[in-house]
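Line order of the protein sequences matches chains A and B. Counting with my numbering, you get residues 1 to 661 for the letters of the first sequence. Counting with my numbering, you get residues 1001 to 1222 for the letters of the second sequence.
Think of the hints as simulated: they come from the structure by calculation, not from any bench. There may be inaccurate statements among the hints.
Said to hold, decoys possible - Cβ-to-Cβ under 8 Å is the rule here; a few derived chain B residues that face chain A:
hint, residue
1, 1040
2, 1110
3, 1112
4, 1143
5, 1144
6, 1147
7, 1211
Unchecked claim - Beyond 10 Å from chain A on every Cβ pair, some chain B residues (computed):
hint, residue
8, 1009
9, 1036
10, 1059
11, 1081
12, 1102
13, 1109
14, 1140
15, 1196
To be verified - Cβ pair distances, simulated, as ranges:
hint, chain 1, residue 1, chain 2, residue 2, range
16, A, 613, B, 1200, 57 to 63 Å
17, A, 651, B, 1012, 44 to 50 Å
18, A, 617, B, 1075, 55 to 61 Å
19, B, 1075, A, 168, 58 to 64 Å
20, A, 625, B, 1184, 48 to 54 Å
Glycine included, C-beta positions come from ideal geometry on N, C-alpha and C.
Residue strings, one per chain:
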Amino acid sequence: MLSALGLALGGLLGLGLAGALGLAARWAAFGAAAAAALFALAGLLGGPAVLDLPLGPPGAALRLSLDPLSAWFLLVLGVVALPAALMAAAGGIAGRAEAAGFPLFLAGMALALLAGDVLTLLLGFEAMSLASWALVAARHPAGAGRRAARLYLGFAAFSGLCLLGGLALLAAPGAGFAAIRAAPPEGWRAAAAMALVLLGAGSKAGLLPFHLWLPLAHPAAATPVSALMSGAMVKVALYVLARVLFDLAGPAQPGWWGAPLMALGAATALWGALRANTERDIKAILACSTLDNLGVIALALGLALLFRGADLSPLAAVALSAALLHALAHGAFKGLLFLCAGAVAERAGSRDPDRLGGLIHNMPLVAGAALLGAASAAALPPFAGFAGEWLLLQALLQGWRLADLAAQLLIAAALAAAAMAAALAAAAMLRLIGLVFLGRPRTPRAAGAGDAAGLARVALLLAALFCAAAALLAGPLLGLADGAVAALLGGAAGAPVHGLSLSLGEAGARYAPAAVLGALLLLAALLWRAVRRAGAPAAQRGPAWDCGFQPPPAHLPFGDPLTQPSAAGAAQPLRRALGPLALALREAQSPAAPGAAAPARLQVAARDRGFGALLAPLARARRRAGHEAERLRNLPLGACLALAFGTLVGLLALLAGLGRP
Amino acid sequence: MGLGEIGYDVAHLLGGAMLLVSFVLLAQRRLEAVTGALALQGVLLALAAAWQGHVQGAGQLLLTAGIALAAKGLGIPLVLRRMAAALPPAQRADAPGPLAPVMLGAAGLVALAFLVAVPATRGAPVLARVDIAIALAILLLGALMMATRRGALAQVAGLLTMENGLILAAVGVAGMPLVVELSTAGLVLVVAVIAGVFARQLGERFGAQDTALLDRHRGERR
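I would like the entire structure built from these sequences, with the hints used as guidance.
And the structure:
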């Protein structure tokens, strides 16, 4: 299996090269789809295996290894990447840079997941970062998208540096994972490595306060790339977190390691869900919802660490299963939603909800797929997002079993935050669907939009199929992760699965998606029958109720836009109530002059607080450092020589100091 | 090969003598004496290369020795001495800076060179290890000379000392191809020629060879 995966990686590199030369961009996408299918298959089959590649630095070959954890995340990658690559083949990517970057991006993610040593992991991670940056930058030669790409590159470089430092603290370069496991770090080295890896992988995953790039960069890329970045790339960062914190650092680490992860995860979930309610771009709404889901997964990982440190392995298994299952579900529904958003933007010509509306009539397939995805993202049972959140809440509710009072309080706070984030996420999805697909078209372009066709239709149907499978087969799928859970918890407990349902022990709660679906269907059928019996015996045609709209005036054949809520208007209640937590708001009122026919206006500008709190001080510090460095230019000649000489002597002294045995 | 054997001892004697001459160069005040010391170091380098050629049985090192003798021992010092003699008497001396700190710093640099080079070359033959440490010390002393002197000619002398250290390291390693030594020597020769022309220009334009004079004439000053 690993040989086939290695060949697939090589094939993706070749496709990237061909794409760079301008050959067969479409076949590059089809090749990527084939590779993605192979990744998903490898994820399903799993099986421990190790393979040394015939290349690498002197003395240390690059090593691939497939174990249950990497197989699970490989499955996530395949589930996201297969429909995304089909969408790319349907015309989602254009130009040589994107045709080259797309297979390389996929190969980088797979390499990071399959890595069996530190160097391979870093190589894959950096290839993933750089290729995704190139894909964002290639679409925007200038303007706001280019600035987003630059911001993203800055954060990616920071993340790569932190990860490099953290992994270097864990092991000598070239050391395989097995060697690190055999001699796990201890004391301050372990804590420093944990902090650095948390910074590095966390900023790549978009954890607070390094989330600023994510709602800007993810929507700026092409649709299939957005789907991959939101659905899979952030999961690779979480995989690195799980791999280092659970696996490589060994089972003997203290439980408080989970606390920062929990706090950051809860804050990120709230922040992302809140921002998803106020964004004005459908892809940005989805990107902010990614922040929310990422925070939930990180919260679950932190909770599992906390429980594991307290020797409560069954509860740690529940929390870890929640993280893994939600990672898969989020990949499935977020990929689907991004593909829907891309189809809407392509067919209806805009990503601004104020220029869309009523698309359910002309785009039934896209609207149905988006409804499925949104119901999953809103964590409604029995859809895909519910199982993971249910497991997480169940684990959080068991927080009283911890002896430590501080940990209990932290878990209680996290429980409140997770519940609130789930509610806010549902509100955001409601707003998205209502503005884009329901109501009436707000522009002629939206009224004339056509449904997705051809390969794009195949991609959407496939993504919807994955999403439905993740919902109904949550039990058997989590059974696949049993090996990963057992391995990360030292074999003390497995995933909480019983047959087709999720089960927390004999006397504990149970969740059977098929039963919930059956009950819902039965209820709907009964309701339908009751309505039929109680209602009029024969159908009667009458004037359609216009959903409360006024009849359109003659000069506005598609209705007056003012009679429908706008995106900003739908966001207003939540923005007023909670917005100042995450956003710096500026409202400008321009009342109508007495007697004038112009309407009064309320204009709202919102900006993430992180810009003022993190980026502005950084920019000031850079300017100050620049001024200081400028003074070096005016040094006399002798001082220049002395500076170079002093640096040389300093480095030699460092070498002499470090060279001591 | 180790202490007490003739090949080892003579190589060390020659290397140590070169290091001693480096100290002399650092402390020397008159430019004529600086060129003399430089010539002495060149001759010692030629002897060291020839001795290494004899010990290692490598014929091409004799060629290196010949080049070193001709260029380092005779040619370059003679040119420098002529340039120094053309200067007005007041400028034929160049203050080496405060002597005691410079000497102490130089001694510290030698210790540092040994601290770095000896552990770093673990596994290499003993002869090469100590040779490389001495060469690194000579190189650092040359850099120190360039950093502490103000006169252009003295700085050129510092540069040439650094190059001597490089060549000494190169001849000490068995099996180093001749082309590396030749190209290094050629490179430094070119640099020395440029530096000489520069020093001459400096003297003609400003009537002195103090490089601090240049500071007023650099561009981009705000």
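Outcome of the hint check:
1. 1040: 24 Å, violated
2. 1110: At 12 Å from the nearest chain A Cβ, residue 1110 of chain B fails the 8 Å test, so the hint is violated.
3. 1112: Cβ of residue 1112 of chain B sits 6 Å from chain A, so the hint holds.
4. 1143: 5 Å, holds
5. 1144: It holds, given that the least Cβ distance between residue 1144 of chain B and chain A is near 7 Å, below 8 Å.
6. 1147: 4 Å, holds
7. 1211: Hint on residue 1211 of chain B: holds, closest Cβ of chain A at ~5 Å, below 8 Å.
8. 1009: 27 Å, holds
9. 1036: 24 Å, holds
10. 1059: Residue 1059 of chain B is indeed farther than 10 Å from all Cβ atoms of chain A, at 33 Å.
11. 1081: Given that every Cβ of chain A is farther than 10 Å from that of residue 1081 of chain B, nearest at about 24 Å, it holds.
12. 1102: Non-interface label stands for residue 1102 of chain B: nearest chain A Cβ at 12 Å, farther than 10 Å.
13. 1109: It is violated; residue 1109 of chain B is separated from chain A by about 7 Å at its closest Cβ, not greater than 10 Å.
14. 1140: 7 Å, violated
15. 1196: Per Cβ check, residue 1196 of chain B is outside 10 Å of chain A; nearest 17 Å; holds.
16. A:613 to B:1200: 57 to 63 Å: Given range 57 to 63 Å: holds, Cβ gap about 60 Å.
17. A:651 to B:1012: 44 to 50 Å: Violated, at about 27 Å.
18. A:617 to B:1075: 55 to 61 Å: 60 Å, holds
19. B:1075 to A:168: 58 to 64 Å: 50 Å, violated
20. A:625 to B:1184: 48 to 54 Å: Once the Cβ atoms are compared, 38 Å apart, the range 48 to 54 Å for residue 1184 of chain B and residue 625 of chain A is violated.
Hint compliance for this structure: hints 1, 2, 13, 14, 17, 19 and 20 are not met, and every other hint is.
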